[in-house]
Amino acid sequence: MVRHVIAPVDELPPGTRKFLVIDERPIAVFNIKGEFFGLLNRCPHQGAALCEGPLIGLATSSDPGEIEYTRLGEILRCPWHGWEFDIRTGQSYCDPKRFRARAYPVNVEPGSAVVKGPYVAETLAVSVESDYVVVDL
Amino acid sequence: MNIQFRDRPEQGPAASVKTAIADCDIHPARATPTELYPYLAKRWHEHLQTYGKHAYQGMMEGPPYPKAQPNASRRDAYPPEGGPQGSSLSFMQKQLLDPNNVALGVLNPLQTGQGLRNQDLAAALATAINDWQIEKWTARDSRLKGSVVVANEDGPAAAAEIRKRAGDRNFVQVLLLSRNVEPLGQRRYWPIYEAAQEVGLPVGVHAFGFGGNPITASGWPSYYIEEMVGHSQCQQTALASLVLEGVFERYPKLKMVMVEAGFGWAPSLAWRLDKNFERLHSEVPHLKRRPSEYIRDHIWWTTQPMEDPERRDHLFELIEWIGWDKLLFATDYPHWDYDEPSRVLPAGVSDANREAFYLGNAKKLYGIA
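For the protein sequence lines, the chains are W and Z, in the order given. The working numbering puts the first residue of the first sequence at 1, with every later residue one more than the last. The working numbering puts the first residue of the second sequence at 1001, with every later residue one more than the last.
No wet-lab data here; the hints were simulated from the structure. Some clues are possibly wrong.
[What the hints assert, rightly or not] Simulated pairs of lysine to aspartate or glutamate, EDC-like, Cα-Cα distance not exceeding 20 Å:
{"id": "1", "chain 1": "Z", "residue 1": "Lys1255", "chain 2": "Z", "residue 2": "Asp1308"}
{"id": "2", "chain 1": "W", "residue 1": "Lys97", "chain 2": "Z", "residue 2": "Asp1308"}
{"id": "3", "chain 1": "Z", "residue 1": "Lys1255", "chain 2": "Z", "residue 2": "Asp1168"}
{"id": "4", "chain 1": "Z", "residue 1": "Lys1364", "chain 2": "Z", "residue 2": "Asp1325"}
{"id": "5", "chain 1": "Z", "residue 1": "Lys1253", "chain 2": "Z", "residue 2": "Asp1308"}
{"id": "6", "chain 1": "Z", "residue 1": "Lys1067", "chain 2": "Z", "residue 2": "Glu1081"}
{"id": "7", "chain 1": "Z", "residue 1": "Lys1364", "chain 2": "Z", "residue 2": "Asp1297"}
{"id": "8", "chain 1": "Z", "residue 1": "Lys1067", "chain 2": "W", "residue 2": "Glu84"}
{"id": "9", "chain 1": "W", "residue 1": "Lys97", "chain 2": "Z", "residue 2": "Glu1035"}
All figures in this text were calculated on a predicted structure; none of them were measured in a lab.
Here chain W stands alone, though its shape is the one from the complex:
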């Protein structure tokens, strides 16, 4: 596993997402209310650019007539067929036994740590004073 420094934390404010290609793999990194998440940008169902979909909540029903809407903004809905995935785990809510979106750990690290390595950050000039978004691949 290689840790890639992808952006200063200021460039990815809450509510935004960033698309990138790392080692020919399409990745998207999301900032959701200050938490960072990384997913392979390819739907395991038919291969769509999954991460262009909207972030919605999870509608569940324990009994007929009882509907709960939770996890607001944590469910990624595919732009093609609407399959729903948990942004935290990549779990599919449509066919959890057969399909899972590939999730990658994303963290924020201080510039002082990033400078020391073993990070890979050729595309960024890292400053010790800032924090950086780091994805493990």
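Position chain Z relative to chain W; hints supplied.
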């Protein structure tokens, strides 16, 4: 180590199909609401601005059910220059035609003049959308072929539009929708079939429509998912009507394509028709053959949304009944229930059948060299 940042994400799998394919259901859209105006007489500009389009269905405009994605289309299919999904030729080439190696793309424009109560407006819009297909699409990309849109509730006007396009190789079929004022086999629609047979064009029947009838035979359902499933049921009633009214007896060279309504139900419908035909033959003496024989000989089927049973041998049994020579691959681009070419056919299909499924059947039916 290589990181690239992109303004837009990837467009899905690139060049996933190595061999050429036909896509028999592509939906071209207008970039602006007035894009058809150059093809319409001034009188209709004012009419549309003053009165709008009044369909047979209760709601004035728009689809009978809300859709699962904006414009019922893929969210990644908005052209970069603006406009709704499917409204840009250059982006369609980049996102669909080039990466998927599409050698033949059949255009099926929806929400045009079909199902309007004002028959003169319906006919004017049908002519306009056909001229627009040539100018915006087929004249600019020889892979694309149009469908002759007609004022479906006005048989003579529809037949005139079909004859007007006779011999024009910008068009490869006549387009009808499945939900009309009456079941499609009834006599008001016969001039359409007569003209289509005369000019040698197949008639495609695409799921959807504005006829004012509920999508189900038991009334208006609550959910969009019921409309999505209901397309198959609706198509069955249309096909039963075509067979039982004797359309294929009257027009023996007519070929029809069931578009976007599934095909898994075909054997079951045919068996039920045959069984009842044996018992009720005297009611429909104009039929000279068993209903299943008309279906096998006269009907082709587009594949999207592909039947997807848990076991692939069930799929193969269905196709064996229908015939590998009768299926036409389609994506439904840019609609949200798009089928990705590389993912629809399971392993275990012979090279010959695979080629027929993806390309050969379509080229033969539509007369493409």
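Right, here's what the structure says about each hint:
Among the hinted pairs, lysine 1255 of chain Z with aspartate 1308 of chain Z is inconsistent with the structure: their alpha-carbon atoms are about 26 Å apart, more than 20 Å. Taking the CA atoms of lysine 97 of chain W and aspartate 1308 of chain Z, the gap is about 17 Å. The hint holds against a cut of 20 Å. Note on lysine 1255 of chain Z and aspartate 1168 of chain Z: the hinted pairing holds, with a Cα-Cα distance of about 18 Å set against a maximum of 20 Å. Between lysine 1364 of chain Z and aspartate 1325 of chain Z the CA atoms are separated by roughly 10 Å; this keeps the pair inside 20 Å, and the hint holds.
Proximity of lysine 1253 of chain Z to aspartate 1308 of chain Z is assessed by CA-CA distance (about 32 Å); at most 20 Å being required, the pair is judged violated. Proposed proximity of lysine 1067 of chain Z and glutamate 1081 of chain Z is contradicted: the alpha carbons are some 24 Å apart, above 20 Å. For the suggested pair lysine 1364 of chain Z and aspartate 1297 of chain Z, the alpha carbons sit about 14 Å apart, so the restraint of at most 20 Å is met. Proximity of lysine 1067 of chain Z to glutamate 84 of chain W is assessed by CA-CA distance (about 17 Å); at most 20 Å being required, the pair is judged to hold.
With a CA separation close to 47 Å, the supplied pair lysine 97 of chain W and glutamate 1035 of chain Z exceeds the 20 Å bound.
The structure does not agree with the numbered hints 1, 5, 6, 9 stated previously, though it agrees with the rest.
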